[in-house]
Amino acid sequence: MQPGSGRLTKDTRPTMSGATTDPRLTSRPAPQRRIGFSWSDPRLRALIWQVAIIGGIAAIIWYLVANTMRNLEVRRIATGFGFLDNLAGIPIGEHMIDYDPAVHSYGRAIWVGVLNTLKVSVVGIILSTLLGTLIGIARLSKNWLLARLAAIYVETIRDIPVLLQLFFWYAIVQSLPAPRQALRPIEGVILSNRGIKLPLLEWQPAHSWALAAFVLGWIGTASWARMARRRQEASGIRPPVWPAGLALMIAFPLAVWASLGAPFALEMPVLRGFNFQGGLTLSPEYGALTIGLVIYTAAYIAEIVRSGILAVPTGQWEAAGALGLHPWSAMRLIVLPQALRVIIPPMTSTYLSLAKNSSLAVAIGYQDVVSIVSTILNQTGQAVEGIAVIMLVYLTISLSISLFMNWYNARIALVER
Amino acid sequence: MSASTTVSTPASTREHPPLLVAGPVAWLRRNLFNSWWSTAVTLALLYIVAKALLGFIDWGILHAVWTVPADTKGQLDPQLCRDAKGGGACWAVIGDKWRFILFGRYTYVEQWRPAICVALFIGLFVVSAMRRFWRKELAYIWIITLIVIGVLMWGGILGLPFVPQDTWGGLPMTLILATFGLALAFPLAVCVALGRRATTMPAVRWLCIVYVELIRGVPLISVLFMASVMFPLFMPVGLNPDKLLRAQLGIILFGAAYLAEVIRGGLQALPKGQYEAADALGLTYWQKTGQIILPQALRLVIPPMVNTFIGSFKDTSLVLIIGIFDLMTTGKVALAEPIWQGYSTEVYIVLALIYFVFCYSMSRYSRGLEVEFSRSVRR
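Chains P and Y, in that order, are what the protein sequence lines are.
So that you can map any letter, position 32 of the first sequence is 32 in this note's numbering, and since no number is skipped, the others follow by simple counting.
So that you can map any letter, position 17 of the second sequence is 434 in this note's numbering, and since no number is skipped, the others follow by simple counting.
The set of hints was computed from the structure by calculation and includes no laboratory data.
Be aware that a few hints might be false.
As the list claims (entries may be wrong) - Here are some chain Y residues pointing at chain P (derived, C-beta under 8 Å):
# : residue
1 : L463
2 : K731
3 : T762
Claimed, not checked - Some chain Y residues flagged as far from chain P (calculated, every beta-carbon gap over 10 Å):
# : residue
4 : F579
5 : V679
6 : P688
Ideal placement from N, C-alpha and C gives every residue a C-beta, glycine not left out.
Please model the entire structure based on the sequences and the hints provided.
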């Protein structure tokens, strides 16, 4: 706030002479004015406008609701969410929680759909961030060929509708050979038109213990790093962190695992009859949707990363160099924190649009929440409730992503005086 | 990019520039074979690119089937394509189906009309892109062109036979959905953007915020579903609005929320002095907004508005899900024909090319404009 602007408090603000307080600067309460009944009073005008607009919209909504009620009555459709307890009877191919169409309800089916949506969104966000960052950095490469190819990738992918890309990938996944002639690029990885099969680790108690040890080690490393920073601030000498990290996060869990007998067994997918048994299965629909979304979103993330890095002035690199920092340290300590501030806000909206684009699953037959709700909607005719469920789910997802990213953004934001 | 190193040698001994400092060899060395690492990347990429390009030429041109013979009854015989499957492309599907993909089920002999409409749309975009037309008259050009397009598509007057709306399809449909979507979303978006900044009217402000955030928080599909299954319930009993109209309404409501945010950005970017100067002149709110604020704010946001339009052009492909015959749907339907099943790659490539040509030219234009604007600001 500029000095001398209107909002000054009563307490001492010395004038130039420092002797007296300018009486004009003491605050005076604004005179209470009543709203006059004159068209030239802006407050009255604002009030009338608001009443008119809100009233008009309320009238439209009332009209629509009245129509809807009458229509529902004519079509004999019950209102309310009671149908959620009815028996679903919709077969769902992939479900992360137990689901049986003959036993479970519509509500459970919707939950399955929500989890499927989350499965695509979370994996998509992670993979597209990795791919997009790589491509964004590649676009800034000194190697002309690499930079050009990355630019062509970004331009092409961004200018083709994501739905078309999804169809394209789905056609490719479907044109893979049948299970008997499946492609096996690496032992255990099997590509066929029934989806992608991966070997699955047979989970044993020793693995849980190793995981617990890893989490402990992670906490230990974090506190060691905090101690190192405090030591550095006090003495200027930073104790090395990486040996502690190596010992706590890798050696310690490995030791726990080894002391429990180092069990390790992979469950390999094997061909039985017409399909594969065992192992981890990614359905063709899931595969196509994830590949398509990742490739599409990565093009946007690449642009965000590139502009974020370009937004850091060259002087910052030079200053870091003048301080004697290694280029990697300069990147990590000087450039990246500044670039992140530019990157995070647009990245948030890109993540949001990925989550929203995952609803295109309905076009290629992956059973996400939109697909399942629209099936329910066709069976029961509960259009209003169904759409409300879809919107509620996506608003919740959008809001959670925004909240998390805003929290992260606040954490890395520039602390100004 | 070009080498700018000057080598100072006495005039008497001046020779050709050294090969390793300037010229193509130096360029290659600097940009492709800079270090061991860079050389390895270049060679690996060259190998991949060459392999992909050769593979595509082999599949798409050398081993491709361009036409298939028709038997005596005029039925096409796709045997040639079946034989080439796996090794070569079957462009015959495009040769057979291109009219359907471009114009849908529109009466065959009347398809010159949607073709003219496509040309009119492109002309409209080109005219709007030229800065000498950035004035009030542009709005009249838009209104007149859109009316002409409506007359051409429907017919029924001026001796043109009437073509019902449910037979429209293909590229004109995509252009109609995107263009009408933007043109009608625009006034709504301006109102919402202004409403969101109306500090003296908190109720209106909250209404605008709720609308924008609600729409931006949900996917377009849910809005389209709403348009296709809920709008019929909203209407009085017995009145069932056309499917296309409903989808168009959904696209307008969806696009307006995004456009409103873009316009709000422009309103915020305008220096405060402009508002204050208008107030100081004693202008009313509408005079101030219409003559001072909006002309400047809208000009500022033309590049992001073009980007929004690109997004909505791509998004119109989603109407496939509610069964409207846009370009994407006609492509899918063409593929559903028994003899052409399994040649989806060829059709998808053509569709992608059409979308790409439109989107790429628009994004180039918006980027050029952005550079031009930032130049005038920096000056």
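Are any of the numbered hints broken by this structure? If so, which, sorted upward?
Of the numbered hints, all hold.
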